[in-house]
Structures are given as structure tokens and as C-alpha cells.
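Enquirer: The residues making up each chain are set out below.
There are 2 protein chains.
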Amino acid sequence: MTATISGATSLTGQMLIAGAPVRGTGKEVRAFDPAAGQPLEPVYQHGDNTHVDAACAAAADAFAQYRATTSEQRAAFLDTIATNIEAVGEALIARAVAESGLPQARITGELGRTTGQLRLFASVLREGSWNGARIDTALPDRTPLPRPDLRQRHIPLGPVAVFSASNFPLAFSVAGGDTASALAAGCPVVVKGHDAHPGTSELVARAVTDAVTTSGLPAGTFSLLFGSGPGLGIALVTDPRIKAVGFTGSRSGGMALVSAAAARPEPIPVYAEMSSINPVFVLDGALKTRGAELGRAFVASLTMGSGQFCTNPGLVIAVDGPGLDTFAAAARDALAGSPATPMLTPTIARSYASGVEALSGAAQLVGRGAPGTSETACHAALFSTDAQTFLASEALQAEVFGSSSLIVRCADFEQMRAVAEGIEGQLTATVHADDSDLDDAGRLLPLLELKAGRILFGGWPTGVEVCHAMVHGGPFPATSDSRSTSVGSQAIERYLRPVCYQDVPAPLLPSAIAEGNPEKLWRRVDGRLTQD
Amino acid sequence: MTATISGATSLTGQMLIAGAPVRGTGKEVRAFDPAAGQPLEPVYQHGDNTHVDAACAAAADAFAQYRATTSEQRAAFLDTIATNIEAVGEALIARAVAESGLPQARITGELGRTTGQLRLFASVLREGSWNGARIDTALPDRTPLPRPDLRQRHIPLGPVAVFSASNFPLAFSVAGGDTASALAAGCPVVVKGHDAHPGTSELVARAVTDAVTTSGLPAGTFSLLFGSGPGLGIALVTDPRIKAVGFTGSRSGGMALVSAAAARPEPIPVYAEMSSINPVFVLDGALKTRGAELGRAFVASLTMGSGQFCTNPGLVIAVDGPGLDTFAAAARDALAGSPATPMLTPTIARSYASGVEALSGAAQLVGRGAPGTSETACHAALFSTDAQTFLASEALQAEVFGSSSLIVRCADFEQMRAVAEGIEGQLTATVHADDSDLDDAGRLLPLLELKAGRILFGGWPTGVEVCHAMVHGGPFPATSDSRSTSVGSQAIERYLRPVCYQDVPAPLLPSAIAEGNPEKLWRRVDGRLTQD
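Top to bottom, those sequences are chains A and B.
Using the UniProt record's numbering, the letters of the first sequence correspond one by one to residues 1 to 532.
Using the UniProt record's numbering, the letters of the second sequence correspond one by one to residues 1 to 532.
No lab work stands behind these hints, which were simulated from the structure alone.
The structure displayed is predicted, hence computed values, not measured ones.
Note that CB positions come from ideal geometry on N, CA and C, so glycine has one too.
Check each hint, because a few of them may be wrong.
To be clear about the criterion: a stretch of chain B counts as covered by chain A if any three or more of its residues have a C-beta under 8 Å from a C-beta of chain A, and this derived list gives those stretches [stated by the list, open to error]:
#, segment
1, 314-323
2, 379-389
3, 459-465
Taking beta-carbon pairs under 10 Å as the criterion, some of the chain B residues facing chain A (in silico) [as the list claims (entries may be wrong)]:
#, residue
4, L120
5, R454
6, D532
For each label pair, taking beta carbons as the anchor points, the in silico distance ranges come out as [to be verified]:
#, chain 1, residue 1, chain 2, residue 2, range
7, A, D141, B, A329, 29 to 39 Å
8, A, G116, B, E86, 37 to 47 Å
9, A, P265, B, D412, 42 to 52 Å
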């Protein structure tokens, strides 16, 4: 019962629980090839509560041994996962392209991003600051009371449940950012794979499982399950052995997990990246000098990947006038010339179409892309409205996942500020400003800081760099926890907590906070950063 | 309508909303002097929703200006609060002693701790690492895509609601750790004062308000309200302008706030420090060589401040045998010689008595302290039970706030480990070990790491040092968020979130992440810590 991809790697249609292939018992799931308009073999099946129990039990069993590994051991493990993924690269790319309908170049890039993330966390582990080492030395002669010896380091929270996203079948999926950061932190991971790309998920899960085995780690360090969000997903989040959750997806899906986690006897942190319309503020000077150019660049960002990005520019805010007219006309023309591209699944395409339908009733149409013929074709759309209408309408602020955007025409700059104050929390906020706009931009910036995790000037929000300074997060409802990021090296912190060691005998001290600094870490000693 | 304390400072019985004294409209509240067995003047009154609205509106108004202050301005502000508190030190100490029944030496020490905390956060601001500055430099020539310039810093979450604790009328109250860390972070603060010490609260609130004025800060930076938890407290937590909550108190009170915050249209973080019984593991070698000495030291920690500490040692776990008998006998004798000391309020004393009553039915009495005659007297109590009974009983794990503790007799070391695995999350876990116990201690330590925020050897948990490495936190139900601490310099992080700046023009960059590092901060540049 196996299917062959590129003649190289066979798929079994099974989940992987602590290293063992297990067939599900529930709903049958087949991936759908949007380009071919055909379902793909093999058939997968959703797991049930016994599979959740088995994966969580194995993860809990693995935790003690896995978290006791050294930073170098976990770094080598992450490197091995990356190498294993590259080893099935051709088959993996073929399968991910078939399952997602995304262009091969994009998936190839995403594979590089995924292995790059794994290696980034390996480097974070080797650098060592993730330990959060702090030492306050004893002051035995202090009066009226001596100070004990106090040391702090960070330890992992425990087994983590990761929910794959549909739109990044590699980088936000089975071995994506959440899995990489949780494994780096020392947390076993149970992934709920996305039904949109089960074959891709199986291939990657096998690469991880092989790395678990060859690295000599306990099998429960990693499992992949398939299942529905409301069923298996909630069972996973409410399992008492799960201690944190990473999620990328819809607002309704994310909030269901947030509520379930909060209602547990022991509530746990949920990092849900949910909903963002990514406002783009175009200031007067920029509009005047390069309105048409900006309109075309905007459409390129809007239609990339059929707009299926958390950071898709779904809102353009500018002062009404000839500059904005030029921008809108150029955008309309560029849109008219942009072909319909496939969306990830028929369900997503239907949901997009109904979102556009809703906007059609509430705003004026500026233009549309070329219509498509297939079931999954994304028929891009651009609308406009005035600021007053926008601010009064909740519907106009709702995310439409796909290539749909809304121009908000403002009477003046003060109204642009009012829009900035009126919107919900966002992953990103973009400003286009010329030198002549700097004063206005400076007055906008403090408002945007309170609304977004990332503020960018002169570009488009759809590129999310994987690095140290990145914040892919932001105030609610962009995420459920604005204190964190799901992209970049800082993501390791979401799965850690601090522990203080008071007068712990030297032979028992973890090496990160041991005397003599054997790992040569940056540590805060008596309040001062030092590598001594 | 003013009352005089030590003839120096008059109390008005009013709340302070954005600098203005306002009389409440609700329930009348008088502090109670447990030593004298008398209520204290003046009468205070609970506020209502209009007061919550006024305080939150003022805090929201103040936020933009307050968060735009420099680190140095906020540091000077915190220093001024400390100086102002010291200026009313004598009157403040007298009032706090009268309201709490705690010894003058303890309150004097707590005043020093409170001003010390304020100055610690001033030093944290001046040191600057709180900014979390990270810079990934642009790579314009990178292929296939250039890398933009990416910078990250931390900004404050917004107005914070702080709930005072009863048991530290200064250090965990109006200008305690939560207020100091939130103000340091750049968050305006609305305090709900504790009914047990309204006069102390008013004096401290005036010291803060004076500092707000003389520092030229917006009046809404600080407000003090009085009110009930379920009424005014919930109104405060669910006000949309409040963006985070700090709380120290009971499990039921904390969980009510956690639930209310999670049910908001925009959920917010709640840092509730709630419940801990602080297990003390006494290993065989230590018991053998100094069982009696440990028993006496244990009782000193147990009865200090009538046991009204979050870190009171409420559980002693050891292997049954002659060593433990010696420990228990010494503890029983020390307890018999320990006088009844007043508890904070009659309500707390009644709650303690009923907790002890419940334990009497479920465990064996080892000994009691001297009985008291007053309404608030704490009649210390020590019980014992076997590990099997303990592990099967939820009631035996419940916190009894006051000088009550329970010895858990284990059959062997493996059963001690089972107890360590079976208990809920704790603020602290203590180990007494001799050199001969090191192997056992090493096997216990990984279990305790998963259960407690602080692990200490050879001491007692009731001292909580204010420093950089301290963790006063821990897994649920010790706190609602184990990723944080409510004591020590790291507490500033709970009120911050990261923001990323991509290609932001140099004139608009915040100084913490500006070119040339004008503040000479430690920053992570391309992954490497540097002060360049």
C-alpha cells in the first residue's frame, strides 16, 4: 500500500508515533494536487485518542533523557535532521509542490529555509546564551543577613504540541520553526500534521525520526499524528503531559486551542499565530514621487503565492488625492495582468471566494486579477473604501486569506493616524515614506509599535527573514502572546523557563552555571555580563 | 477627617486617582491592629466602576508620554519614589506595624527591601540590557535575495494592574516589586490596594504620586484604588486599557483574575503568584548527623512572621526511622516553646484555624505551639502522615497560610522521589543533604527542577533575596506563568514585548538600536553580544 514519488521515496500513509509507523483509524484523508485538480495517493487516516495518549506518553517518558542532553548533542541532532531532509530533497520538493500547488522555486527556497532554521537553532545552542545564566555570588559577611549563592539557568517546559500550517508545508510544518525551537530548547515534540500535505509531512517526519534514532535519543522525542483540530487537536492540547503549544493557522482554530489550554486543570502557554491584515501606510511624498511604482510593487507582494501568507498586505492606507489615484490605477492595471494561481486546497479557495464576496458588498471594487478556471484558482481582488466606513466596520478588518486587499482612503494624515489607532494587533505594519515624509512617519511610528510585531519601511511585509532580530508575532489577535516570536532564533525562549539554584553544592550544579564557566558562556554575574 | 500617625503624617482615607485624592463610594473598610485587637482610623471606602474607568483612562492617556521617557528619566523617578518613601519612613513603619501586627524590625527591614527594589530597577534601567537590543545588519549583496536591516528592541505592554498582597504591606504592595518592575518597563500602574493595610497604602501612594509630579510625568502614570477582588478587581482586569496584571495572593483569587483575563475579547497576560507548600526534603545523612538541629531550624522558619510567607515550609519529606524521629521530636519541642504571634487579620486567622482543623482530621498531630488569647493569634501546628496517604490526598497538599506544616514519612528514598514527582508546582523546593547524600540529592534535583522555581540546599525557603538570579515563581499552581519571576531584576521582562524594525530610517530609530550605539548597550549584533 505504498505510493512512489519521483521513483525514489515511498509513502506508507502512516503516522509516526515514537518511531513506529501507525495507521490511523478515523477519517480518510488524501492530499489534493491543485495544479492537476486531482487527489493524491496514498490515503492517510486521522488518529484517535489512543494515538494522542501513546504519543504523549512516549514524549513524557523521553523528556528526562532528552532534556539531559548537552547543547552540543541537541545541536548535532538538529544538524542531522537538516541533513536528512536534504537527503530526500528531490522527492520532498516534488511531493510538496504536488500537494500545495506552490511553484517549485518557492518550495525549493522553503526547503532551504527549513534546513537553515534547524541549523540556526543548532548555532543558538552552541552559542549558549539561551541558558540565561545568571550568578549572584554569596556575600557571607553581609549584615544583617548574609547573601546565599544564587544562580539561574533556563530549562525546557516539557513536551510541546506543534500544529502545522497549510501554507508553508515545510517551514511552518513538521520540522518547521516551532518544532526546531522546541527541540532546541530540550522539549520532545508531538506534531499534528496538516491534512493539506500529509505526504510531505510523512517524508519530513521520517527524516526527523531517523535523526532521533541515529542520535541515540529516546524514540518519544518526536511523533507525527494526523487528525482534526476540534477532535485530536483538542485532545492533544488538553493532555496533561503537554506543557506548551505552538500553532500557526486561523483565528478560530487558534482561539479554540487557547481556550482549551486555559481551561485545563493546569493551564499552559499557547503560542498561536492567527490573523493579520498587515496594513501598509503610504505617505504623501512617497505617493507623489512614485505612486505608480508602489502600486505595481504592492500587487507583486499581494499576488505572490496566491496571497497565502500571514504577512500578505491586506490593507493600504493613504490620503486621498491624485497620488493615491495613480497608485490605485497602477495597482488595478498590474492586477489585471496577473494570472490566476492555484490556492493550497479547494476549501481554502472557497473560503477566499466567500471572503471576497463579503468585501464586494461592503467596499468598492478597484480591480481584479485574471479569473482562473480550476477549482482552486485565486481570483485576486482589490477594493477601496473611506476611512470612516473602515473604522466603523468589523467586517472590513477581517482577514481574507489570499490575494485580496483593501485601500483605505483618508481625508488627511490625522485620519491615517486614526486608522493606525483603530486597527487590531498585527504581525506587521509597513510605511512607505520619502525624505519629505519623515516628520509624519515619526508621528506614525509610536502608534504602529503598539499594533505590530514588525515595522518595516520601504518594502513589503511578505518576506520574513529568519535571523536574530526578527519578530514574527504581535499584539492580539495577530498572536495569542505578543511576548514572543515564531520566526528567528529568539523563538527558543518560548519553550523555556527560569530556575534558581541557591547554595546548590558545586558537584550538582548544571554546567551552564558551574564555577569556572566550563562552557565559556556569556553570564550575568552580579548584574554584569561577562564570559569569565 | 484625618487621622494622625506618630503625630507626623495625616491620613485622609482616600484613594489616589492620577494624583487626585478621591473618596470611595462603597463598602467601608478599616484596618485592624492585631496587636491591640482594635480597628484603626480613618475609614476607607471601596471604589466603584467609575473609579476604575477614571484610573484606566488616565493610565492610557499617560502611556504614550510615559513610555517615551528615557531609561535615565525612569531610573531617576524610581529613585525619587524610594527617597520619598524613606522621608515618611517613621510614620510608615508605625502604621504598617499597627496594620499588620508584624514586628517593627521586620517592617523596618521590609521598608529597606522595598526601596532597595526600586533602586535595583533604577540600576537595571541604567544598565540597559532590558532593551533586548538585537541588530542583524543588511546584506544588500546576498543572493538570491538581499537581507534588509533588522533591529529589535523591547517596549512596554501598556497600563498594568497590580494587586497588593496582605502579607508584605510594603514589598509586595503599592510600591512593591510588581509596581517597581512595571514602572521600570514604562507601564503606567493602577494598584488595587489591600484592605488589610489601607493606611500604609495611602502613605506609599502619596510618595509615588509626589514623585510623579516632581519628575514631570503625566498624572495617570500611577493610581491607587480600593475595592473587592470580585467587584472592582475584575472590573480592573477586564478594562480594555489594562494590558497586563500582577497579583500576589490566594489560589482562588488568582485564578479568578486569570479566568477573567483569558475571557476578555483581547486576552492579556496575568502573573499570579498563588499557592505553594514549599517541600523540604531531608536526606538520610543530614538527618543522622543533625536531625535535632534541623528540627529546631525548621520551626524557626515555620513560625517566622506567623508563617505568613508564600515560601513557608509547609511540607517535610524524609525516610522514616530514628533520624526522622529525632527531627520530629526536636521540632515538637521547639514548637511547644514558640509563642503565639498575631496574624495579619482576623479573617486570615480564622482561615488558618480551619485549615489546621482540616489537617487534624487527615493527619497525625506531632505538636503545637503555645496557644494565644487574641482573635488573630496563630497557634502553630505540625502534623505527620505517611507518603502513601499523602500522595492519595488532595487535601493534604492544599496550602494552609500560616505556621502549619506536615511531615511526610517515606518508606525509602524511592518513595521520596515519588513524593517529589507527585506534588504540584511550587515556588521553592529545599534539600538538606550531607556529603554522603550527594548521590541521592543528584537524583532528586532533576525532579525538583520540574516542580519549583527555586531549589535551595541547606537553608530554609523563607528568605527571598532580591537580586538578578532570583526566581520567585514556578510551575502552576505556584504561579499562573512559570516563565517569569515576581522578585528580582528579571521581573522587568514580564511587562515587555519585542518589536522588530526593518529598514527603518536612521533618524527614526530608537536610541537603543541606533547606529553607533549611543547608549553603549550590550547588543546582539549578527548573533554576537557586543558593546560596540
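Enquirer: Now, for every hint given, state plainly whether the structure supports it.
Expert: Evaluation of the provided hints:
1. Three residues within the 8 Å Cβ limit are the bar, and the segment 314-323 of chain B against chain A gives 0, so the coverage statement is violated.
2. With a cut-off of 8 Å between beta carbons, the segment 379-389 of chain B has 0 residues touching chain A; three or more are needed, and the interface restraint is violated.
3. Counting residues of the segment 459-465 of chain B whose CB falls under 8 Å from any CB of chain A gives 3; the rule of at least 3 is met.
4. A hinted interface residue such as L120 of chain B counts as satisfied when its beta carbon comes closer than 10 Å to some beta carbon of chain A; here the least separation is about 9 Å, so the hint holds.
5. About 4 Å separates the beta-carbon of R454 of chain B from the nearest beta-carbon of chain A, less than 10 Å, and the hint is met.
6. At its closest, the beta carbon of D532 of chain B sits 14 Å from a beta carbon of chain A; the interface hint therefore is violated under the 10 Å criterion.
7. A hinted range of 29 to 39 Å holds for the C-beta pair D141 of chain A and A329 of chain B, which are about 34 Å apart.
8. Against the hinted window of 37 to 47 Å, the Cβ-Cβ separation of G116 of chain A and E86 of chain B comes to about 55 Å, which falls outside the hint.
9. A hinted range of 42 to 52 Å is violated for the C-beta pair P265 of chain A and D412 of chain B, which are about 30 Å apart.
Checked against the numbered hints above, the structure breaks hints 1, 2, 6, 8 and 9 and satisfies the rest.
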